[in-house]
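The listed protein sequences correspond, in order, to chains A and B. Its first residue numbered 1, the first sequence is counted upward by one per residue in my numbering. Its first residue numbered 1, the second sequence is counted upward by one per residue in my numbering.
If you are wondering where the hints come from, they were derived from the structure by calculation, not from laboratory data. Ideal Cβ placement from N, Cα and C applies to all residues, glycine included. Any given hint might turn out to be false.
[What the hints assert, rightly or not] Derived lysine to any residue pairs resembling SDA-like cross-links, with alpha carbons at most 20 Å apart:
1) K173(B) <-> L186(B)
2) K24(A) <-> I159(B)
3) K31(A) <-> K60(B)
4) K31(A) <-> K164(B)
5) K24(A) <-> G49(B)
6) K94(B) <-> T23(A)
7) K36(B) <-> E63(A)
8) K24(A) <-> E179(B)
9) K60(B) <-> P109(B)
10) K59(A) <-> R27(A)
11) K31(A) <-> D96(B)
12) K36(B) <-> V98(A)
13) K60(B) <-> K27(B)
14) K94(B) <-> F183(B)
15) K180(B) <-> K102(A)
16) K164(B) <-> D96(B)
17) K102(A) <-> F183(B)
18) K24(A) <-> Y171(B)
19) K31(A) <-> E63(B)
20) K33(B) <-> A106(A)
21) K102(A) <-> Y87(B)
22) K52(B) <-> R27(A)
23) K36(B) <-> K74(B)
24) K59(A) <-> I99(A)
25) K24(A) <-> F176(B)
26) K94(B) <-> K148(B)
27) K173(B) <-> R138(A)
28) K74(B) <-> E146(B)
29) K33(B) <-> F73(B)
30) K173(B) <-> P26(A)
31) K24(A) <-> S177(B)
32) K52(B) <-> K59(A)
33) K148(B) <-> R35(B)
34) K102(A) <-> Y135(A)
[What the hints assert, rightly or not] Cβ-Cβ distance ranges computed for the label pairs, FRET-style:
35) A98(B) <-> R105(A): 55 to 63 Å
36) A71(A) <-> P28(B): 49 to 57 Å
37) D96(B) <-> R118(A): 38 to 46 Å
38) Q29(B) <-> E54(A): 35 to 43 Å
39) L126(A) <-> K112(B): 54 to 62 Å
40) K22(B) <-> K59(A): 22 to 30 Å
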Amino acid sequence: MVALVGIDATEMADVKRAPKVATKPPRLYVKGSFVTFRRSNANQRNHCAILQIEGVNSKEDVEFYLGKRVAYIYKAKRARGKHSRIQKDNKQTSRFRVIWGKIQRAHGNNGLVRSAFRNNLPPRALGGSVRIMLYPSRI
Amino acid sequence: MPKQQRAPKWYPTEGPATGLTKTIEKKPQGVAKLRKSITPGTVLILLAGRFKGKRVVFLKQLESGLLLVTGPFKINGVPLRRVNQAYVIATSTKVDIAGIDTTGISDKPDEKTKRHFFSRVVAEQKEEGEGEFVSTEAKKSGLTEERKAMQVKVDESVIAAVEKTPMMKDYLKSRFSLEKGQFPHLMKF
């Protein structure tokens, strides 16, 4: 309960307005994990990454995600200029880096998915998180 | 003894044109086909960019194939904007914008000026003073009066249609986000 005694007009204005709560940025991607490179027992094909998409457990469920873009996000020591389309003078830097990829097809019957990235995923990404975007959208 | 006709010393490397190779003329790339789920008045969810997650009203498909959308601006801050179909989810919610006039908005560059409604306008920087006292005026935003006027005009009719449906305004104000346990392949948009 705010004591209204002894507060002048300018303070009143501050008191009335509720503190602006920063809204959480919306999550517009599905969480996934990088399970393994495509491989047989002894041979590994690094150009194909097998991903597990959260909530996807069968081959039929995979259909929605075909062609969707995938991002593997990691942090680096060196801050790098962020890709800025419009404001070229305002160079934002960021330590976050992305490797982009695409979901190509289902892998097996249980909802795993084959994907290819622009550059192959580094081995330290194994078991790590990956973001499956909702675009290019077909709905 | 008659001089025998000698074989030519040089032969051309390529034989005469046989007409078997086709020169395929590059077909002009057509405009992207609009998805069946996207009709004028459909509420779309923007998936990427500055306004990701926002629900906007689809107005029409422009000449380039991009979609023209509006927030409306007063409701959720999204102006008249172009969006690619691939970066949009079409919901089954529709707003009735039957009578809206969007003829002034076009993507096609004018033949003379090479500009269109959405061309970027960069205000020239003015430098006042000389030497150490140079002060550059801040780059003005690329909003022309034409765009502002068109925004107000179009939004008027859209907002009128929106207010007819209960909760539509709040719906357009809200932002789409995936929550825990929500999977888009199981959702009905």
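Hints, verified against the model:
| no. | hint | in the structure |
| --- | --- | --- |
| 1 | K173(B) <-> L186(B) | violated (24 Å) |
| 2 | K24(A) <-> I159(B) | violated (27 Å) |
| 3 | K31(A) <-> K60(B) | violated (33 Å) |
| 4 | K31(A) <-> K164(B) | violated (38 Å) |
| 5 | K24(A) <-> G49(B) | holds (16 Å) |
| 6 | K94(B) <-> T23(A) | violated (27 Å) |
| 7 | K36(B) <-> E63(A) | holds (19 Å) |
| 8 | K24(A) <-> E179(B) | holds (12 Å) |
| 9 | K60(B) <-> P109(B) | holds (17 Å) |
| 10 | K59(A) <-> R27(A) | violated (24 Å) |
| 11 | K31(A) <-> D96(B) | violated (36 Å) |
| 12 | K36(B) <-> V98(A) | violated (33 Å) |
| 13 | K60(B) <-> K27(B) | violated (25 Å) |
| 14 | K94(B) <-> F183(B) | violated (23 Å) |
| 15 | K180(B) <-> K102(A) | violated (23 Å) |
| 16 | K164(B) <-> D96(B) | holds (9 Å) |
| 17 | K102(A) <-> F183(B) | holds (18 Å) |
| 18 | K24(A) <-> Y171(B) | holds (18 Å) |
| 19 | K31(A) <-> E63(B) | violated (36 Å) |
| 20 | K33(B) <-> A106(A) | violated (27 Å) |
| 21 | K102(A) <-> Y87(B) | holds (15 Å) |
| 22 | K52(B) <-> R27(A) | holds (9 Å) |
| 23 | K36(B) <-> K74(B) | violated (28 Å) |
| 24 | K59(A) <-> I99(A) | violated (25 Å) |
| 25 | K24(A) <-> F176(B) | holds (11 Å) |
| 26 | K94(B) <-> K148(B) | violated (25 Å) |
| 27 | K173(B) <-> R138(A) | violated (24 Å) |
| 28 | K74(B) <-> E146(B) | holds (18 Å) |
| 29 | K33(B) <-> F73(B) | violated (27 Å) |
| 30 | K173(B) <-> P26(A) | holds (14 Å) |
| 31 | K24(A) <-> S177(B) | holds (10 Å) |
| 32 | K52(B) <-> K59(A) | violated (29 Å) |
| 33 | K148(B) <-> R35(B) | violated (29 Å) |
| 34 | K102(A) <-> Y135(A) | holds (10 Å) |
| 35 | A98(B) <-> R105(A): 55 to 63 Å | violated (43 Å) |
| 36 | A71(A) <-> P28(B): 49 to 57 Å | violated (33 Å) |
| 37 | D96(B) <-> R118(A): 38 to 46 Å | holds (44 Å) |
| 38 | Q29(B) <-> E54(A): 35 to 43 Å | holds (37 Å) |
| 39 | L126(A) <-> K112(B): 54 to 62 Å | holds (58 Å) |
| 40 | K22(B) <-> K59(A): 22 to 30 Å | violated (41 Å) |
Against the hints set out earlier in the document, violations occur for numbers 1, 2, 3, 4, 6, 10, 11, 12, 13, 14, 15, 19, 20, 23, 24, 26, 27, 29, 32, 33, 35, 36 and 40.
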